[in-house]
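One letter stands for each residue in the lines below.
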Amino acid sequence: MLHIPISRWGEPYKSMDLDKVVHFASGEVMCEVSRANAGLVERDMRHAQRARDVLREIPIKELIGMMKKAGELYANAELPCGDGTQTPDQFARMQSATTGLPEHMCKFNMEKNNFVLANMDNILDSLTRGLDLNCLSRGYGIETRGNPPVQIPVSYQAQTPVLGMVLPSNSPGVHTLWLPIVPMQIGLVLKPGPQEPWTPYRMASAFIKAGVPAQAIAIYPGLGDVGAAVLAGSPRSLIFGGTATVEQYKGNPRVQAHGPGFSKILLGEDKVDQWEKYLDIMVDSVLMNSGRGCINCSGIWAPRHTKKIAEAIADRMGPVEPLPPEDPKAALAAFTVPGQADGVWKDIENDLKQSGTWHATEKFGPRLVKKERCDYLRPTVIHCTSPEPNIVKKEYMFPFCTVVECPQDQMLAKIGGTLVCSAITEDKKWQRQLLDATHIDRLNIGALPTIKLNWLQPHEGNIVDFLFRARAFQFDKDMMKV
Amino acid sequence: MSTTATAGTAAADQVKQAQDKLDAHVREIINWHFDPDNGTPFWLDAVAGKNPLLKLDFDPRKEVKSFADLKKFGHFEDDWLRGGPLRRWVPKAFHQKPIYVFETGGTTGIPKSRVVVEDHWTDYEMFSDTLPEKYFPKGSNWLMLGPSGPRRLRLAVEHLCQYRGGICFCVDLDPRWVVKLIKKGWMEHLKAYQEHCIDQAMTVLSASHDIKCMFTTPKLLDSLCTRLEKEGTTLAKQGITGVFCGGTEMTSQWIRFAIEEFLGKDVYIAPTYGNTLMGLAAADQPVPPDYKICYYAPQPRAVAEVVDFDNYDQLVPHGQEGRVMLTTLTKELFVPRFMERDEGLRELPSSKYPWDGVSGVKPFRAFAATTTVGVY
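From first to last, the protein sequence lines stand for chains A and B.
Taking the numbering used here as reference, the numbering of the first sequence is continuous, increasing by one, and the terminal residue is 528.
Taking the numbering used here as reference, the numbering of the second sequence is continuous, increasing by one, and the terminal residue is 379.
The calculated lysine to any residue pairs, modelled on SDA-like cross-linking and capped at a C-alpha distance of 25 Å, are:
#, chain 1, residue 1, chain 2, residue 2
1, B, Lys-186, A, Leu-269
2, B, Lys-295, A, Leu-269
3, B, Lys-186, A, Gly-297
4, A, Lys-296, B, Glu-191
5, A, Lys-296, B, Lys-187
6, A, Lys-60, B, Glu-263
7, A, Lys-60, B, Ser-255
8, B, Lys-365, A, Asp-271
If you're looking for bench data, these hints aren't it; they were derived computationally from the structure.
Could you put the whole structure together from the sequences, leaning on the hints where they help?
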């Protein structure tokens with residue numbers, strides 16, 4: 047039996063409390079994971095500054111090189127995993143087995159992580175807007191600006207020696223968000239999702255094998271008390287959860303909460319009559335990665351033709367059925383938490399009682415598919431004659447979308463918070479309004495799927511701004527010693 | 004699963020003697036609470052058909068002759084303890100005595116109340132006998148760092164200290180506010196309140212009060228030791244030799260962590276399990292390699308049983324998991340077969356405690372997801 051210990055800044059620690067991580071379909075125990083206690087996390091945080099100190103001893107340029115090497119190792123090498131080792135194929139199989147995500151999607155996520163690591167130099171260059179990265183190490187630097195050129199001191203002060211993270215079980219794709227942290231010489235304190243210990247441990251193994259000091263990374267599997275201890279002990283944290291989690295941490299400068307994206311595609315008046323041209327991007331945005339990501343589209347808004355659009359998307363997605371996780375054509379992830387799929391479907395059925403809603407995928411058979419140890423929800427498309435029904439504001443962890451009829455001039459007022467908005471329009475006035483809309487995070491203008499990310503751009507706030515504060519700094523160069 | 008008892012397995016005659024003593028005690032307590040002149044109004048009314056919460060169709064004084072016969076009562080419902088009049092719980096024989104009331108829960112709604120005359124003193128005097136003198140020396144002063152207000156703990160720990168000849172220094176902690184902070188998600192306030200409590204404990208420890216013993220909860224012990232460590236010291240260096248720990252769930256992993264990383268070999272930790280209804284179940288200090296915490300109720304005054312999850316009339320075999328069922332049998336309170344909000348493993352009788360124990364106590368699985376536990 048594979049055992050995965052707590053990693054206390056690189057030191058393995060076997061807990062007396064062990065959690066079994068099981069295969070969602072067979073019930074086979076895949077590994078035992080040591081469960082941390084909150085006091086242990088709290089005590090270990092006394093070494094948080096050491097994590098930054100050991101990273102600062104390595105120039106950022108070298109750390110970026112290590113990231114590239116770590117990406118290759120993560121994607122291709124057999125790496126230590128707990129008291130055993132793990133090949134890339136075993137990793138994908140285990141991740142699929144415990145999260146319910148098909149294996150080919152797990153492999154795709156591996157490629158994505160590797161891509162981010164391989165392009166770390168460009169990503170950091172973009173996120174810092176071309177800053178000399180040594181400024182992050184030293185805390186200050188000199189930039190030359192203007193004509194005639196003037197030398198201006200710049201200072202970026204780290205707000206924390208470590209970034210705490212309470213990671214999810216349901217979407218291995220989110221790990222790309224924390225990959226740029228180590229090269230910025232900030233340590234990692236990770237609490238893995240209960241069903242997805244794999245990525246944090248494999249990534250840590252790859253980092254360490256690539257030369258990153260083990261003392262820079264701590265991993266604490268555990269329950270809610272451990273998540274709370276990670277958040278309490280880290281001056282800056284990322285947490286992944288539902289709407290309630292996001293609401294709880296709203297306005298808290300220490301915590302960046304990532305939840306449902308409510309990502310949308312908006313069809314403008316000028317393009318809606320050619321809606322069939324955009325069917326592929328609509329389907330891809332809803333269906334890819336089994337609809338699990340915050341960047342998956344959960345709402346398609348248009349001023350007319352909405353019923354036809356809903357029917358066309360339903361014709362494409364409605365027939366999709368669950369396939370075994372190892373099947374390369376599998377498009378659906380399993381719900382591995384008992385009762386979760388039932389709860390979601392009950393919620394949808396309840397919302398469908400409201401007038402102005404119509405279930406476009408109904409004719410393709412029942413959406414809730416119950417298996418012995420897991421459940422599936424098949425793609426579901428709901429047509430809404432206005433933005434009023436409750437279901438318009440819903441997002442679920444499977445390919446689900448509403449197709450909402452709404453006049454263009456009311457869309458921005460009605461869509462609510464939107465992580466990714468793909469607006470298909472050439473209307474200049476509307477484009478201006480879209481650019482100015484502060485409730486849209488990532489804006490795509492044109493026929494771009496919501497799931498197509500440009501990794502050189504920030505996601506839900508710039509992580510550099512979250513970790514470093516730009517501030518005024520003046521100095522007498524004859525006195526400066528650092 | 005292991006069924007090793009902490010102090011060696013009890014001999015059969017020891018177990019038999021303890022059972023006989025328990026049966027005799029049951030008869031005495033039933034006679035007391037159901038005595039028409041001096042008994043307890045709640046129970047007398049139940050027999051007389053005048054209690055709207057409970058009607059008994061048998062005469063306990065005639066039909067209950069042993070602990071096993073308590074099954075006739077069904078299960079005590081703790082909701083009966085919400086609201087007044089509280090005098091219905093006081094045996095008529097005690098109506099002239101000063102009465103304490105202790106509450107549990109109460110973050111929202113009406114809390115459950117238990118009336119007490121001297122039980123908390125008796126329980127803690129009995130518990131006192133289980134503490135090793137080497138680490139809890141008589142005459143030492145104590146620090147009480149735990150829930151106060153209407154909880155029993157504050158007065159009980161203070162009495163324990165006084166009974167052992169010491170003076171008790173107390174820090175105020177309101178667990179109901181802690182629960183509210185958690186429910187509201189005000190984690191920064193929670194942290195600040197915790198710091199506020201630890202500040203007070205640090206002040207007491209720094210004031211030359213010659214404190215050698217303390218009561219605290221697992222979370223507060225974590226916080227206090229972490230603070231001491233930040234300030235370059237330890238509980239042992241502060242002169243503490245014995246920690247009586249309880250109030251919330253304790254796992255073997257936690258106690259191992261506390262011993263290995265905070266307490267060291269010079270500080271003894273005595274884990275306890277209990278509540279306002281039952282009193283206090285003691286355990287010896289857990290030891291490597293398994294750090295098993297094995298609790299024994301203060302029989303015959305209280306009995307902790309581990310019963311089948313699906314059939315509460317059936318004890319599980321030793322070493323198996325089940326739900327904890329408590330029975331309290333004192334002259335002040337009769338609580339038959341109360342289903343606790345915990346589950347655990349049934350343990351063999353030990354030579355020190357020749358009756359069943361319970362280990363691996365954790366929140367009952369059916370409630371675990373919905374209950375805020377272990378908050379202070």
